Each structure stands twice: as C-alpha cells, then as structure tokens.
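Q: In the order they appear, the protein sequences are chains D and A.
Under the working numbering, think of the first position of the first sequence as 9, with each following residue one higher.
Under the working numbering, think of the first position of the second sequence as 34, with each following residue one higher.
Hints may contain errors.
[To be verified] Here are the simulated lysine to aspartate or glutamate pairs, EDC-like style, with alpha carbons at most 16 angstroms apart:
1. 11(D) / 22(D)
2. 297(D) / 333(D)
3. 297(D) / 322(D)
4. 210(D) / 194(A)
5. 10(D) / 309(D)
6. 210(D) / 59(A)
7. 297(D) / 277(D)
8. 156(A) / 309(D)
9. 210(D) / 291(D)
[Stated by the list, open to error] Footprint (simulated), chain D over chain A, 3 or more residues, beta carbon under 8 angstroms:
10. 65 to 77
11. 107 to 118
12. 202 to 211
13. 214 to 226
Hints listed in this document are in silico derivations from the structure and should not be mistaken for laboratory results.
Here the structure is a predicted model, which means the values were calculated and not measured.
No residue lacks a Cβ here, since even glycine has one placed at the ideal position from N, Cα and C.
Residue-level listing of the chains:
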Amino acid sequence: MKKLINRPEDAVREALEGVALAHPGRLTVHLDPHYIVRADAPVLGKVALVSGGGSGHEPMHGGFVGPGMLDAACPGEVFTSPTPDQMLAATQAVDGGAGVLHIVKNYTGDVMNFEMAAELARDAGATVEQVVIDDDVAVRDSLYTAGRRGVGATVLAEKICGAAAEQGRSLADVAALCHRVNTEARSMGMALTSCTVPMAGKPTFTLTDAQMEIGIGIHGEPGREQRAVAPVHEIVALLAQAVVEDLPFAPGDEVLAFVNGMGATPLMELHIVFRELHRFLDERGIAVKRCLVGPYMTALDMAGCSLTLLRLDDELTALWDAPVDTSGLRWGA
Amino acid sequence: MSETVTAAGVRAWLLAFADAVAAHRDELTELDAAIGDADHGTNMDRGMRAVADRLTDDPGGPAALCKLVGMTLISTVGGAAGPLYGTFFLELGKAAGERTELGVADWAAAFQAGVDGVQRRGKAEAGDKTMLDALLPAAAALRAAGGGDALLDEALLAAAEAAARGMKATVPLVARKGRASYLGERSAGHQDPGATSSWLLLETAAGAMGGSASGAERAAGAMGGGTAAAHDAGAAPA
Numbered sequence: 009m010k011k012l013i014n015r016p017e018d019a020v021r022e023a024l025e026g027v028a029l030a031h032p033g034r035l036t037v038h039l040d041p042h043y044i045v046r047a048d049a050p051v052l053g054k055v056a057l058v059s060g061g062g063s064g065h066e067p068m069h070g071g072f073v074g075p076g077m078l079d080a081a082c083p084g085e086v087f088t089s090p091t092p093d094q095m096l097a098a099t100q101a102v103d104g105g106a107g108v109l110h111i112v113k114n115y116t117g118d119v120m121n122f123e124m125a126a127e128l129a130r131d132a133g134a135t136v137e138q139v140v141i142d143d144d145v146a147v148r149d150s151l152y153t154a155g156r157r158g159v160g161a162t163v164l165a166e167k168i169c170g171a172a173a174e175q176g177r178s179l180a181d182v183a184a185l186c187h188r189v190n191t192e193a194r195s196m197g198m199a200l201t202s203c204t205v206p207m208a209g210k211p212t213f214t215l216t217d218a219q220m221e222i223g224i225g226i227h228g229e230p231g232r233e234q235r236a237v238a239p240v241h242e243i244v245a246l247l248a249q250a251v252v253e254d255l256p257f258a259p260g261d262e263v264l265a266f267v268n269g270m271g272a273t274p275l276m277e278l279h280i281v282f283r284e285l286h287r288f289l290d291e292r293g294i295a296v297k298r299c300l301v302g303p304y305m306t307a308l309d310m311a312g313c314s315l316t317l318l319r320l321d322d323e324l325t326a327l328w329d330a331p332v333d334t335s336g337l338r339w340g341a
Numbered sequence: 034m035s036e037t038v039t040a041a042g043v044r045a046w047l048l049a050f051a052d053a054v055a056a057h058r059d060e061l062t063e064l065d066a067a068i069g070d071a072d073h074g075t076n077m078d079r080g081m082r083a084v085a086d087r088l089t090d091d092p093g094g095p096a097a098l099c100k101l102v103g104m105t106l107i108s109t110v111g112g113a114a115g116p117l118y119g120t121f122f123l124e125l126g127k128a129a130g131e132r133t134e135l136g137v138a139d140w141a142a143a144f145q146a147g148v149d150g151v152q153r154r155g156k157a158e159a160g161d162k163t164m165l166d167a168l169l170p171a172a173a174a175l176r177a178a179g180g181g182d183a184l185l186d187e188a189l190l191a192a193a194e195a196a197a198r199g200m201k202a203t204v205p206l207v208a209r210k211g212r213a214s215y216l217g218e219r220s221a222g223h224q225d226p227g228a229t230s231s232w233l234l235l236e237t238a239a240g241a242m243g244g245s246a247s248g249a250e251r252a253a254g255a256m257g258g259g260t261a262a263a264h265d266a267g268a269a270p271a
C-alpha cells in the first residue's frame, strides 16, 4: 500500500485535524468524540440536520456542513458507521430548539447506531426524526437482504433539506421532504478498480484489466455482477437503464442528473460519462434540468462512478438552487 | 477452575477474548473482505483493546463488568458489530443482576438474554448467515446443560462446540442480513465473519472460565481451518 498516510490507525483523526485547520471560522471539529459542526451552531429556531457515516467517502458528510446544508456530520472509522455517542454529542451541539433530523444511509450498522443515538437523544429531551435513504437499485429490496443501500440521493437530500431548514420549515416538513427526495431518486454505480482500506492495507477485491463490477457499493462491496469492460456509452446505458426502469422515469420528466466519481476517476472521465448520460436521457424524452458532476460521495481510491437521477418539480428545483456554503458544495452564498 | 461464573472469571474471559480477537484480527478482516467491507477484525480489535484497557479499573460484580464492556464496545467499535456486541453485553449484565456468582442455569439464562438482545437489535433469524448462527446454538447448549446437572466446564465446552458447528454451517448459507446480503447467492461459500468472532467469544469463555486451558490454542487451530475453507470455496467462481 502506497498512501499519504502516516499510520493507518491515525488516518481519520489526522484528516479531521487537517479539516479543522483548512476551514477555521466555517467549521468546528471535535475530536473526542469525532464530530464536525458548523461554526455558528446551534442556529436558534432552525431545524438541525445531522448526518454521518464511515470515513473514506469525502467530501460526504463533513464537506457538506455549513449554511444551507448540514449542521453536523459524524465521521466513523473508515467504512465503519460512527457510534451513538458521536451522534448524541452532535445532535445536542446543533439542536436549536426546532428539532433535529438525522439523515441515515441504509446500511445495517448506520441504521442500528443512529437508532441507538435517537433513543439516547430523546431520553435526554431532544426531538429527533430519522429518515433512511435507500436509492441504490443494484440491490434487490426484499425480505432477504438488508434492503437497498443509501448512495447518491443522500447528497441531494442533504442539500435540498438543508435549504428547507434554512427557510424555517418545521421538522415534520423537512423530514417529509427528505422522504420525498428518497422516493423520487434512484442510483446505480460501477467500479473499474477496488479500493484499499488503510487498516487492511490491500485491495478489498480484485478486478482484472478486462473486468468491471456493475452495481458496486461505496465500500467496495460487490454489486450485481462482474462483466467485461465496455465502451462508455454501453456502461452508461447499463446503469441508466436500470435507474430509469426502476422509478420509473418517463418521457416528459424533468430530472437532476448526478454523475458521482468514486474517488480515483478523473473529472474528465466523469464529464464523458455525463455526456453519454445526457444523450441517453435526451433520446428517452427525459429533460436534464439540473446536474452535478464530480467526486461527492467517494469510496477511497476506487475508480468508477455512480449515476443518480432525481425527478424534479418546482419546489425541489428551487430548493436545489437555494444558496449553499459548505466546503464541498457552494453557490449563491 | 470454578464451579460458578464470578467477576474474576468474566474478567479473565474478556481478556482472553481480547487476545483472541487481536491474534485473529487479520483473518476476521479477510473473511469480511470476501463478503462484506473488510473491517470486522480491525473494528473488534479496536473495541476489545479499549475493553482490556478499562478492565484495570475495578467495576465490581459480573453485571457491572458486562455493562462496562457493553458501553465500551458501543462507543468504540461502530459498524454493526458495535451495537450488536454492545447490546449482548448490556443485556447479559442486566440479566446477571446483583449476583456475585452464577451457576450454570443462571449463566445460561443470562447468556440467552444477551442473545435475545442481539436478535432484537439486528432483527435477524437463525440461518441468515450472521453472528446469531453461532450464538443461538451456543445459548441452546448452555440451557440444555443448565437444565441438567452439568458442571460449568462441561456446559461452556458444549456451548463452544455448538458455536463452532454453527459457525462452520454458515459457509454454504446465503446471507440475508448485513452487507453480505448485497451479494445474494455470491455470499454462499464463505464463512460468516460475525459468526466467527462469536465463536471466538464462546471458545475463550470455555478456556478462561471453564478450564479448558488451551481454549485460545484450540481457537487458533479451528480458526485457521475455517479461514482456509472459506478461501478454498471463494477461489471457485460462485
């Protein structure tokens, strides 16, 4: 393993210390336990948004803390859910009296730890709602799986709900909006290479130069199948077809199209993917009204991408366009 | 060797489990890499190191010890294993109550309460390819021993053997819970990492509290076998 990491066991803490030094005045980074809050927290009278998950997906979630998006983020160890004490401390630090929404990605550990945190926070007098994001169509949602994974829609939900909270909407409203984003969004990803978890020191899985993994998760957990690598338009068609069929998206729909990089894929390639996706949607009468292209929800050093489509209406579009001022996403502010 | 479970016994068990997890950290992580996300060994090792550090304080009886362990695991492990093992020890401690020593039947009942807690938290069933596939048969073996007149060492050994069988039986199973469930049929042919760490828990209990002194060594041998089997199966395209 060749990494810009001193000692694997120190990687998360040292990265957080770097974040604190890079964003003074914007973020407050707590190291015992680990959580990041916007510097002006708590914002009195505003619904507070807390998310969290394993580290290694940066800029998600810490990079989305700030006005117009999250109030706090709880980073776990690499690819490992954070713990209830982190979530409890973050919840209490940002609670401005209007309630706290936990945005949780659907992974067994994340769901269990956030459930325990909500129990503890409620026992301590906080009003907490939780919304679980599960937009990954690569996983069959059935009694026989942990259910669909939370992927790209998480970024969109955090942005849109952050804007709604900033407008002074109630906790029930913001939670309902979060559910709606999750209901209207679908995603699927693919990998060209594995990622290397620093503590493990070697790639999680192997793909030959001729293979790709379709339906990859953001922790290197395999998806639907391994296939021979193909031209970009074929890969995009494979992913986009699964996404479009699942909701389903229909001719006349207006969408936000999100092409996400997994960490080791250059922006040039992501734009080539976006070009193919745009073409694919055009041909089916689906209008790309807004877009996001870049590495926003990564899987360490994995090469690959994911596609997310969110069906827009005027409300969601306006909330997407509203100002946001975080290290990872910033416009209008 | 003692006829009852005492605070000293529980402490020795936890230290032995911490050692076993440290010794098998990489194997647990490799099992997890095959069907999960390659962190089970490192997460459990981080948690049990924290437990071992805090055991230098004197927390009192078995119940207080178990509570300390549960809270430590919940706040240090993360992932799914943190809440699950944490809940196990919290419920085990609650059921142990104020007693300073527990006979086989009392220990079996307390252990069952811990396993029930895991089942409530994780909402898994037997055969879902999870840690419960080792814990449920172990709890049943303990209860059966507690219902008879088995000595503590016999009961703990029976539980460890039941856990070992349960662990090995996860190899052909298709996972229905946790990250391994994303693999569907591809999860078959691999031993479940959670069931493997749970078996280490039972194996070290037999070694440290039941007097099968070579528990850790037996653990090393069986662990190696389990890992090799999983790799052999994994080498063939599933």
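Q: State for each hint whether it applies.
A: Cross-check of the supplied hints:
| no. | hint | verdict |
| --- | --- | --- |
| 1 | 11(D) / 22(D) | 14 angstroms, holds |
| 2 | 297(D) / 333(D) | 22 angstroms, violated |
| 3 | 297(D) / 322(D) | 11 angstroms, holds |
| 4 | 210(D) / 194(A) | 33 angstroms, violated |
| 5 | 10(D) / 309(D) | 11 angstroms, holds |
| 6 | 210(D) / 59(A) | 11 angstroms, holds |
| 7 | 297(D) / 277(D) | 21 angstroms, violated |
| 8 | 156(A) / 309(D) | 33 angstroms, violated |
| 9 | 210(D) / 291(D) | 42 angstroms, violated |
| 10 | 65 to 77 | holds (count 7) |
| 11 | 107 to 118 | holds (count 11) |
| 12 | 202 to 211 | holds (count 4) |
| 13 | 214 to 226 | holds (count 5) |
Consistency with the previously given hints fails for numbers 2, 4, 7, 8, 9, ordered from lowest to highest.
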